[in-house]
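A.B. asks: Chains B, C, D, E and F: place on chain A using the hints.
6 protein chains.
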Amino acid sequence: MRPSDRTPEQLRAVTLETGVNRYAEGSCLVTFGHTKVLCLASVEDKVPGWMRNTGQGWVTAEYGMLPRATHTRGRREAAAGKQSGRTQEIQRLIGRSLRAVVDLKALGERQVVIDCDVIQADGGTRTASITGAWVAMATALGHLVSEGVLKTNPILDQVAAVSCGVFENEPVLDLDYEEDSNAEADSNYVLTGSGTIVEIQATGEKRGFSRAEFDRLFQLAEIGCAELFVKQKAALEAALKA
Amino acid sequence: MRPSDRTPEQLRAVTLETGVNRYAEGSCLVTFGHTKVLCLASVEDKVPGWMRNTGQGWVTAEYGMLPRATHTRGRREAAAGKQSGRTQEIQRLIGRSLRAVVDLKALGERQVVIDCDVIQADGGTRTASITGAWVAMATALGHLVSEGVLKTNPILDQVAAVSCGVFENEPVLDLDYEEDSNAEADSNYVLTGSGTIVEIQATGEKRGFSRAEFDRLFQLAEIGCAELFVKQKAALEAALKA
Amino acid sequence: MRPSDRTPEQLRAVTLETGVNRYAEGSCLVTFGHTKVLCLASVEDKVPGWMRNTGQGWVTAEYGMLPRATHTRGRREAAAGKQSGRTQEIQRLIGRSLRAVVDLKALGERQVVIDCDVIQADGGTRTASITGAWVAMATALGHLVSEGVLKTNPILDQVAAVSCGVFENEPVLDLDYEEDSNAEADSNYVLTGSGTIVEIQATGEKRGFSRAEFDRLFQLAEIGCAELFVKQKAALEAALKA
Amino acid sequence: MRPSDRTPEQLRAVTLETGVNRYAEGSCLVTFGHTKVLCLASVEDKVPGWMRNTGQGWVTAEYGMLPRATHTRGRREAAAGKQSGRTQEIQRLIGRSLRAVVDLKALGERQVVIDCDVIQADGGTRTASITGAWVAMATALGHLVSEGVLKTNPILDQVAAVSCGVFENEPVLDLDYEEDSNAEADSNYVLTGSGTIVEIQATGEKRGFSRAEFDRLFQLAEIGCAELFVKQKAALEAALKA
Amino acid sequence: MRPSDRTPEQLRAVTLETGVNRYAEGSCLVTFGHTKVLCLASVEDKVPGWMRNTGQGWVTAEYGMLPRATHTRGRREAAAGKQSGRTQEIQRLIGRSLRAVVDLKALGERQVVIDCDVIQADGGTRTASITGAWVAMATALGHLVSEGVLKTNPILDQVAAVSCGVFENEPVLDLDYEEDSNAEADSNYVLTGSGTIVEIQATGEKRGFSRAEFDRLFQLAEIGCAELFVKQKAALEAALKA
Amino acid sequence: MRPSDRTPEQLRAVTLETGVNRYAEGSCLVTFGHTKVLCLASVEDKVPGWMRNTGQGWVTAEYGMLPRATHTRGRREAAAGKQSGRTQEIQRLIGRSLRAVVDLKALGERQVVIDCDVIQADGGTRTASITGAWVAMATALGHLVSEGVLKTNPILDQVAAVSCGVFENEPVLDLDYEEDSNAEADSNYVLTGSGTIVEIQATGEKRGFSRAEFDRLFQLAEIGCAELFVKQKAALEAALKA
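Protein chains in written order, with the numbering used here: chain A, 523 to 764; chain B, 523 to 764; chain C, 523 to 764; chain D, 523 to 764; chain E, 523 to 764; chain F, 523 to 764.
The following block holds chain A by itself, in its conformation from the complex:
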């Protein structure tokens, strides 16, 4: 049995609350159980220097964790004077995942900056970030469409992410911290609403894992993302009505 009493195919309670910041063009507070990430989308009218005069836009993401989001307090990255390798790895993944479902030409010379700040961490912060960030971004761009700023919506598809792992030799969906820190293998899947794969990251932690295990992990990811797509749609609809 899992420490959280879930079945292997069961997600934690997932919520996607929109309208949580009065300034950002799109916002979503995503929770996966005790994991809580604030995702804010800012639309800026200029693009990075290397992209100017290309007629295209850009989507980028930054990720951070509050120092006491975790069991023991971590060092504040701003005080340390740099972002850790882990932070950079995660924010690059979030940006890549979102760009995979955006038509950068339709966006025009605009930049969407997504800030994913982890308020509380209990495993799966990067996949929760991607899932919530899509809602924040789609809200912001949806508003630009309804305001007539954009003629066509640059959002091509949904994108969501979930982690899966081998815990006590059984593949399970959506690891919490207790499972994650003891898993034999850990993996993250970023999938689109139309069923294609955007990113797979799978790592053997204590031992290598087998192809059969991988296939089951992938199957669990598909189950999890199917649920997340439904929740994203509902959240976006609510946000655009508000």
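Hints in this document: simulated from the structure, not taken from any laboratory.
Take the hints with a grain of salt, since some may be wrong.
Same chains, same label: a pair holds when it works inside one copy or across any pair of copies.
Below, in silico cross-link-like pairs of lysine-lysine (DSS-like), each with a Cα-Cα straight-line distance of 27 Å or less [as the list claims (entries may be wrong)]:
#, residue 1, residue 2
1, 568, 604
2, 627, 728
3, 604, 673
4, 673, 627
5, 763, 728
6, 568, 753
7, 763, 673
8, 673, 728
9, 604, 763
10, 728, 755
11, 753, 604
12, 604, 728
13, 568, 728
14, 604, 627
15, 604, 755
C.D. replies: This is chains B, C, D, E and F only, laid out in the frame that chain A set:
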């Protein structure tokens, strides 16, 4: 009339919610109108190097603002590679204010680290931080007392803070961002429950201000802090019961 | 009695020597007893990027302390790779204080950069810096007027600063290091020649302080600044004649 | 047809030259076509601070690219003052991959530091690094065994890595730069000699990719790694004889 | 006798291999015995900001050492976040030495960036770098002439460098690491093909040295550079034919 | 004729004023014409980590230039976040020069830190720094001897430095800024009182220079240093009597 329709002596709606983080030893989400700061107190069993073997403890604070806490997105300090002068000034003030009401000997060789992270900003983030940080710290230390780790409570007094300013030539209490960015003078007061002054910072923004104006600003601060002390007591009581 | 045998209302010996650097547009070596700060004003024909094409000028300040300005050698900030929070706090204060008495429009698109470098420290370096910086800046701008570069003098008023504190429970003027490091309360006052307040910073060090104590500290600051304004005028006059 | 005239299942010419540095405990210059990486293993008698007194050892890796390893000169990271997110991501991957096949207890309180420096880049530098790094590490540890410093060889298995991608809609093995920069999907596989998976990283570049494509990419990786394992064995044998 | 069995006037085996990088406009792998430095010349079509619109070009150099180029592994400068004082000193010297023999006007608004990366170090890395860098630079500029991009060759002369030192009280040519780390005096000479001096750096290590010793060291440097000029010419000729 | 009307063999007016800082163990304000450097020696009871328990001491130096020490204001290194290559090169030279005349064993496990801060610059700041630093250091160590802390004086000899250059094709002694910035060759000589050479740095600026020119420059340096040794002795004597 003030942009927010308040009287000169009126605070914004202030809330102090405790128990908002499952890991921190003490926590308080403080709001002053649209300003929202998450204050978390972490108790660590070691003190900074320069303090070892003195038998005393230490209280320190770090302050940060989420990039999109403000109207337009600011640069993430972790990405910029350093904390701004403003950030450092504020976190030094928070630390000083809290240490003024703590008996560092009674604390023993422990460090309390307070993280004040601004989730949303609408003026007065440093004074809200101090007010909320005291609740988080007092909660954490109150628990150490009830657990028997500390024999006497190191908390000597309450401390709260509020800003006042001269807006359209009238002294008013608790400036929001609209007032703050147009004020003739801006000031912050850190006062204790027993009526002493811990810190005054008063600055002429567009012009110097007069002694008479200062006296009125100080009077408003006393009115505001009196309300805050009542709210702090209620919040702490609720937190320690929980 | 004070360690320096002064009365509570007595400044240390204060000198303001001008013409101490052959390149700077204005210069002043200010001493308050053993505290010695070299204040140099540089006039540059361009303003910071965010200010271009506004028709206005800017005044900014940088502060530094030579490593062995103090009893025990401190770390060189250039070697440490960053300015301390204290340094940034002080240089922001100096810049704000000077801008309070300058008409930035009359200055035109020029920047005055003030460098305050502490050659020797014995308490009160930030207030000495402000006092000397005004002389350096006024010298530089006075020359621009007499050279016909500026039509009207952008200097609107004098500004000077002094520290006061509660030492052995008695409010005293112009703390030296020995008093400063043992004071119950420490405060800095930045006042203009016409009697308005530019900045007050008052901090309880060992204990909170009372309103009555604050009122006496403020009175002492007025006494001290009155003397400083006379000395500034004489120094400026001498500098402009030279 | 591929730009390099290879079949989809064909690796570039791969060489693993050992004994290429006179100081390092193990060394391997690995080439995959025009990609050339110098992998050096240094054995140190102390472990990172957080690992002291655990009786275990550690394996870590650093990665760098000479500024003109690429078509146009890149900025030197030492001059820029920091390692890019990409660099950190890669060196974390190399370290993780090597640790997956080392018994850290058998290593004792020693650290193996692997330096992978890219002398010339033509795609696949991270997978070449892992493949060569294993040879360098196994050489160093093999020597420690034959010198009697270690009783048992901490190397548990071989580990090698290869990239595969979808280029012009066909899955191909071992992308060179021309393919890599135009691929629809790009992926890296780190596999062990005994057939388990250590790491999979698969990314859709221009579009998401399908599960069928992924399965073929994985199959190609197994074909490629089988060849690499043979070459690693031969190179290690030669190195230990020398 | 010298540890390497050389006579006092004898260089180590010196090789200058060109064509060692497929992207750089000029390249040379220089070896002095076990010292091995990769020198790559990159030609860029823009100059540093302070030089724009002057009609002149610029030559600059960067220097680095692979972490395990030495007996014990050194810290990677990119990971440390800055270049050491020694590195900066050396790269400034290389740049100055090369500029001494280049007509910057004839170069036009172009920049030649020389990267000298030490693959293996056994003393004399800075002098080997200068010697090899000249070959790389001259190759790159020779190609620009033969391609008709430049009308006249900006190379005015050859430049080469060698170290000499006082080892066991005898002046010797071209110190290796064993000699260098025990020398009484160490010196570097940068000379031109036409016999002028570009740079002398001579340092007493364990003791001051005499004028007579200096004169002998200088004589040895002239002997060494004469050999190096012959080898440079041959290497350049080969490179331009290729 | 030289711009300053000096003969080729003539130093600028040189003064060495001691007792200029009330905290430093040794101090010397050195001027060479308009060049003014404050040299302070601090004696610390601990040595750098890599030197602990060797029974030896260490001498090190730091160099800085006030931002407006020069004609146009330079950037403050502490604000820039790093020391320039030039600064590091100079402070390494000063440290090396002083260590050449100190018996580090006789010093015991103590460190002398020399701070050379340029108050005003008109050429020759590094050589003035060395010349003044010796006085500051010798004062500090002389006091330790007279206080009985040290049994033997670790100072083995005097060390002084001067620059020489080829200006308008004539070798001249002690370049000021006007000469320095137009010189054909520039060189610095660090010599000991007993006539040995500690360091020579000679650089062709606009052209290579000849051996004959070098010989004359060296001769001028000997003339200059002879004068400096006399002045150093007098300054030290005065300082130790005070």
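A.B. asks: If a hint holds in the structure, say so; if it doesn't, say that too.
C.D. replies: How the hints compare with the structure:
1. With identical chains, the CA atoms of residue 568 and residue 604 are at most 27 Å apart both within one copy (25 Å) and between copies (24 Å).
2. In this homomeric assembly, residue 627 and residue 728 come within 27 Å of each other (Cα to Cα) only across copies, at 13 Å, whereas the closest approach inside a single copy is 44 Å.
3. For the identical chains of this complex, residue 604 and residue 673 are neighbours neither inside a copy (40 Å) nor across copies (40 Å), given an alpha-carbon limit of 27 Å.
4. When the C-alpha separation of residue 673 and residue 627 is checked against a cutoff of 27 Å, the pair qualifies only within one copy, where the shortest distance is 12 Å, while the shortest distance between copies is 44 Å.
5. Neither within a single protomer nor between protomers do residue 763 and residue 728 lie at most 27 Å apart by alpha-carbon distance, with minima of 47 Å and 32 Å respectively.
6. In this assembly of identical chains, the alpha carbons of residue 568 and residue 753 never lie at most 27 Å apart, being 32 Å within a copy and 45 Å across copies at closest.
7. Proximity of residue 763 to residue 673 under the C-alpha cut-off of 27 Å is restricted to the intra-copy arrangement: shortest distance 19 Å within a copy versus 56 Å between copies.
8. Only between protomers do residue 673 and residue 728 lie at most 27 Å apart by alpha-carbon distance; the minimum there is 23 Å, versus 51 Å within a single protomer.
9. Neither within a single protomer nor between protomers do residue 604 and residue 763 lie at most 27 Å apart by alpha-carbon distance, with minima of 40 Å and 40 Å respectively.
10. With identical chains, the CA atoms of residue 728 and residue 755 are at most 27 Å apart between copies only, with a shortest distance of 24 Å across copies and 37 Å within one.
11. When the C-alpha separation of residue 753 and residue 604 is checked against a cutoff of 27 Å, the pair qualifies neither within a copy, at 35 Å, nor between copies, at 38 Å.
12. Taking the shortest alpha-carbon separations for residue 604 and residue 728, neither the intra-copy value of 29 Å nor the inter-copy value of 31 Å comes in at or below 27 Å.
13. In this homomeric assembly, residue 568 and residue 728 come within 27 Å of each other (Cα to Cα) only across copies, at 23 Å, whereas the closest approach inside a single copy is 45 Å.
14. Within a single copy, residue 604 and residue 627 get their C-alpha atoms no closer than 33 Å, and across copies no closer than 32 Å, so neither meets the 27 Å cut-off.
15. Taking identical chains as interchangeable, the C-alpha atoms of residue 604 and residue 755 are never at most 27 Å apart, the minima being 36 Å within one chain and 39 Å between chains.
Going down the numbered hints, you'll see the structure goes against 3, 5, 6, 9, 11, 12, 14, 15, while the others check out.
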